[in-house]
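Those protein sequence lines, which keep their order, are chains U and G. Numbering follows my numbering, in which position 401 of the first sequence is assigned residue number 402; successive positions increment by one, without gaps. Numbering follows my numbering, in which position 258 of the second sequence is assigned residue number 259; successive positions increment by one, without gaps.
Bear in mind the hints are in silico, worked out from the structure with no lab data behind them. Since we're looking at a predicted model, the values are computed, not measured. Check before you lean on any hint, since a few could be wrong.
It does not matter which identical chain is used: a pair holds within one copy or between any two.
Straight-line alpha carbon distances no greater than 27 Å define the calculated DSS-like cross-link-like pairs of lysine-lysine that follow [claimed, not checked]:
#1 Lys82 / Lys179
#2 Lys4 / Lys308
#3 Lys179 / Lys406
#4 Lys421 / Lys361
#5 Lys406 / Lys236
#6 Lys4 / Lys289
#7 Lys421 / Lys237
Number of protein chains: 2
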Amino acid sequence: MKKNALYAQSGGVTAVINASACGVIETARRHRDKIGKVYAGNNGIIGALTEDLLDTSKETPATIAGLRHTPGGAFGSARFKLKSLEENRVEYERLIEVFEAHNIGYFFYNGGGDSMDTAHKVSQIGERLGYPVTCIGIPKTVDNDLPVTDTCPGFGSVAKYVAVSTLEAALDVLSMAKTSTKVFVLEVMGRHAGWIAAAGGLAGQGGAEPPHAILFPEISFDQQRFLARVDSAVKKYGYCVVVVSEGARYADGRFLAEAGSKDAFGHAQLGGVAQVIAQMVKTELDLKYHYAIADYLQRSARHLASKVDVEQAYAVGKAAVELALAGHNSVMPIIVRNADRPYRWSVGTTPLSRVANREKMLPRSYITKDGFGITAACRRYLEPLIRGEDYPPYRAGLPRYVALKRVPVERRLNRPFVLK
Amino acid sequence: MKKNALYAQSGGVTAVINASACGVIETARRHRDKIGKVYAGNNGIIGALTEDLLDTSKETPATIAGLRHTPGGAFGSARFKLKSLEENRVEYERLIEVFEAHNIGYFFYNGGGDSMDTAHKVSQIGERLGYPVTCIGIPKTVDNDLPVTDTCPGFGSVAKYVAVSTLEAALDVLSMAKTSTKVFVLEVMGRHAGWIAAAGGLAGQGGAEPPHAILFPEISFDQQRFLARVDSAVKKYGYCVVVVSEGARYADGRFLAEAGSKDAFGHAQLGGVAQVIAQMVKTELDLKYHYAIADYLQRSARHLASKVDVEQAYAVGKAAVELALAGHNSVMPIIVRNADRPYRWSVGTTPLSRVANREKMLPRSYITKDGFGITAACRRYLEPLIRGEDYPPYRAGLPRYVALKRVPVERRLNRPFVLK
Numbered sequence: 002m003k004k005n006a007l008y009a010q011s012g013g014v015t016a017v018i019n020a021s022a023c024g025v026i027e028t029a030r031r032h033r034d035k036i037g038k039v040y041a042g043n044n045g046i047i048g049a050l051t052e053d054l055l056d057t058s059k060e061t062p063a064t065i066a067g068l069r070h071t072p073g074g075a076f077g078s079a080r081f082k083l084k085s086l087e088e089n090r091v092e093y094e095r096l097i098e099v100f101e102a103h104n105i106g107y108f109f110y111n112g113g114g115d116s117m118d119t120a121h122k123v124s125q126i127g128e129r130l131g132y133p134v135t136c137i138g139i140p141k142t143v144d145n146d147l148p149v150t151d152t153c154p155g156f157g158s159v160a161k162y163v164a165v166s167t168l169e170a171a172l173d174v175l176s177m178a179k180t181s182t183k184v185f186v187l188e189v190m191g192r193h194a195g196w197i198a199a200a201g202g203l204a205g206q207g208g209a210e211p212p213h214a215i216l217f218p219e220i221s222f223d224q225q226r227f228l229a230r231v232d233s234a235v236k237k238y239g240y241c242v243v244v245v246s247e248g249a250r251y252a253d254g255r256f257l258a259e260a261g262s263k264d265a266f267g268h269a270q271l272g273g274v275a276q277v278i279a280q281m282v283k284t285e286l287d288l289k290y291h292y293a294i295a296d297y298l299q300r301s302a303r304h305l306a307s308k309v310d311v312e313q314a315y316a317v318g319k320a321a322v323e324l325a326l327a328g329h330n331s332v333m334p335i336i337v338r339n340a341d342r343p344y345r346w347s348v349g350t351t352p353l354s355r356v357a358n359r360e361k362m363l364p365r366s367y368i369t370k371d372g373f374g375i376t377a378a379c380r381r382y383l384e385p386l387i388r389g390e391d392y393p394p395y396r397a398g399l400p401r402y403v404a405l406k407r408v409p410v411e412r413r414l415n416r417p418f419v420l421k
Numbered sequence: 002m003k004k005n006a007l008y009a010q011s012g013g014v015t016a017v018i019n020a021s022a023c024g025v026i027e028t029a030r031r032h033r034d035k036i037g038k039v040y041a042g043n044n045g046i047i048g049a050l051t052e053d054l055l056d057t058s059k060e061t062p063a064t065i066a067g068l069r070h071t072p073g074g075a076f077g078s079a080r081f082k083l084k085s086l087e088e089n090r091v092e093y094e095r096l097i098e099v100f101e102a103h104n105i106g107y108f109f110y111n112g113g114g115d116s117m118d119t120a121h122k123v124s125q126i127g128e129r130l131g132y133p134v135t136c137i138g139i140p141k142t143v144d145n146d147l148p149v150t151d152t153c154p155g156f157g158s159v160a161k162y163v164a165v166s167t168l169e170a171a172l173d174v175l176s177m178a179k180t181s182t183k184v185f186v187l188e189v190m191g192r193h194a195g196w197i198a199a200a201g202g203l204a205g206q207g208g209a210e211p212p213h214a215i216l217f218p219e220i221s222f223d224q225q226r227f228l229a230r231v232d233s234a235v236k237k238y239g240y241c242v243v244v245v246s247e248g249a250r251y252a253d254g255r256f257l258a259e260a261g262s263k264d265a266f267g268h269a270q271l272g273g274v275a276q277v278i279a280q281m282v283k284t285e286l287d288l289k290y291h292y293a294i295a296d297y298l299q300r301s302a303r304h305l306a307s308k309v310d311v312e313q314a315y316a317v318g319k320a321a322v323e324l325a326l327a328g329h330n331s332v333m334p335i336i337v338r339n340a341d342r343p344y345r346w347s348v349g350t351t352p353l354s355r356v357a358n359r360e361k362m363l364p365r366s367y368i369t370k371d372g373f374g375i376t377a378a379c380r381r382y383l384e385p386l387i388r389g390e391d392y393p394p395y396r397a398g399l400p401r402y403v404a405l406k407r408v409p410v411e412r413r414l415n416r417p418f419v420l421k
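Assemble the whole structure, with the sequences as input and the hints as a guide.
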């Protein structure tokens, strides 16, 4: 009897994670002889554990096609990491139980490093419990920190958003600098690695062109050197644009965002690093500042997605199904870079064990010696990833993002499962 | 002898102020028999006062055409308000002196209410000094607070940016709400009027659809009512999206942004209102939050400009030149709404004296009774303004914004002018 598939989204969502879902579902639908229905976990792995599944077969082809241009996680995602097998074996056993109850033979897990680890373990435990499941990981993360793959779907679009926003805001600030704001700070994501901050560097070619300083998590923040940089840019170019990673930190490891202030009740403020930087510029240099915090806007900005990113997100979803049908297990499709200029890429494969729990940091060679900019090598790596536009359709001025029917799959276990 | 023209940008720039510049310059170039060169004030009126002029005739037609899709103020803008005639008559006299030295007979001033007042006075003083200048105002402001005109070029694009960003971020938050952020706050511009905040309301139709609360400057902030609203949205829909105007304030007039905290040195923090709101949600409701501050991103986001807005910005620039050639003086072209559905508009005219120093506030009838949403009347007004997309050309993943040569006009007065 042909088996059904389970697709689940995991961790922070992106502008293109649904494009991967689209790739999975459309490809599975083209192989109805081998794959039954594609179910989705409602809120990711939590839905799988609690037998809260959605039946994607109830969605029209037009709706599934629309996932390609819809941001967010259409089936719901979750920040929920399964414990180790030793600590909480019951979670893994429960997953297999749910899979068995719904005749699920394929598990497609769309997430970052932790999720790849989970998918790998599910495959192992299924084997041991006598219910083998084909587990394929699908890479996703705006942080671009997965190893082996050249890039992670989700990153190219946030990179494009940050590069374009830096360029646009810089034109605004430049126009007004004579009588108004001199220093503009844009805070971007990337708690552990500076990939996203580096993308801000694509807005200009360095020197007079913005951004005039990028603050990476990888480079210890030195207030005097930073202020000297800002002061110099303002004197030379009339203004200064700063891109700062939320993960920027002092040499002792403290985040700048933590270094801040107390509120009226004496509580530590959870203010952003942009504000800390801006206040420093005001206090020490007495320059007028503005700051923006892109926050979720940067990872949900499907209106400005990178075409390359959308295509890669779809491709890894499609490849996941094809790998499963070809008999692979415990693997993840990856993006392989075949050439820089012109950029050519293809989809490769890596074992999940090689991806799980390893982070790819921004290499030091991608950051200029002074620590405030990106090198030619970094540009060569980043530039292709923001190429091309892939606009969603619009109606009445707004993107026509699709909404799913979200038809639940009838429960068969009827035994509640309490999440720990 | 035919006269030259002076074009100057004033106040906060927008995604489409250069489209107005494009309209002025292209139209003047089509009337070379009547208008000589178009000069631009370097940094707006400051350039005019200091005889720091740029010669737009040195720019290629392709560059001028490219202004239509380039954000920021290409000639530089300034926050510089001329004092009243009584207080500083010398500034007005100096302007006329510069105009005379450069044979300037037309003054096109592209700005908000203050600028319209200045243009009006320049016209009067020229008359009195025996050097009559045709002064035409060109409306521009993201705040949408100019009277008489149906809307202000610049507003439609920021409205589209805020509506789309609210929609996109809401999809992100909804995906993750089960295990992560429950409350998302987007801070937008609009110190005095809630037009921009209202645009966030276009992201959904109310009820379950985001935003679930809009905080307008026009409605006194009531913490208990606001927190009850957030609590109710989270209980009913699982999440809550808030759009807050930077001008949100308490009943006693204090801005929420001022109510905040002190830094480590005891200085009042200049933190955004988003942070104040978010902290309140955390402290009182113990809900996980995130916030974004759009800041300059919203008014420079030419990549997401409203087509209607771009067309209107160009049209008022073009009309300004045509009005001048038709013998009008001390007037401003306005946008007239002929019909809502389908939306039809035309360009009309109003005397500068009717525009100067008057603000158009968001009518109370545009805000729902509970104070947290927008009414059907408000939607009817706003919707047409965000219609249509007008994408800039891209190269290598980035918009191809134009840079001007900025060729200076040779000085003839050689007498420095000290700005007060």
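Each hint tested on the structure:
no.	hint	verdict
1	Lys82 / Lys179	between (51 Å within a copy, 14 Å between copies)
2	Lys4 / Lys308	neither (33 Å within a copy, 49 Å between copies)
3	Lys179 / Lys406	between (54 Å within a copy, 18 Å between copies)
4	Lys421 / Lys361	neither (30 Å within a copy, 55 Å between copies)
5	Lys406 / Lys236	between (57 Å within a copy, 21 Å between copies)
6	Lys4 / Lys289	neither (63 Å within a copy, 39 Å between copies)
7	Lys421 / Lys237	between (57 Å within a copy, 24 Å between copies)
Going down the numbered hints, you'll see the structure goes against 2, 4 and 6, while the others check out.
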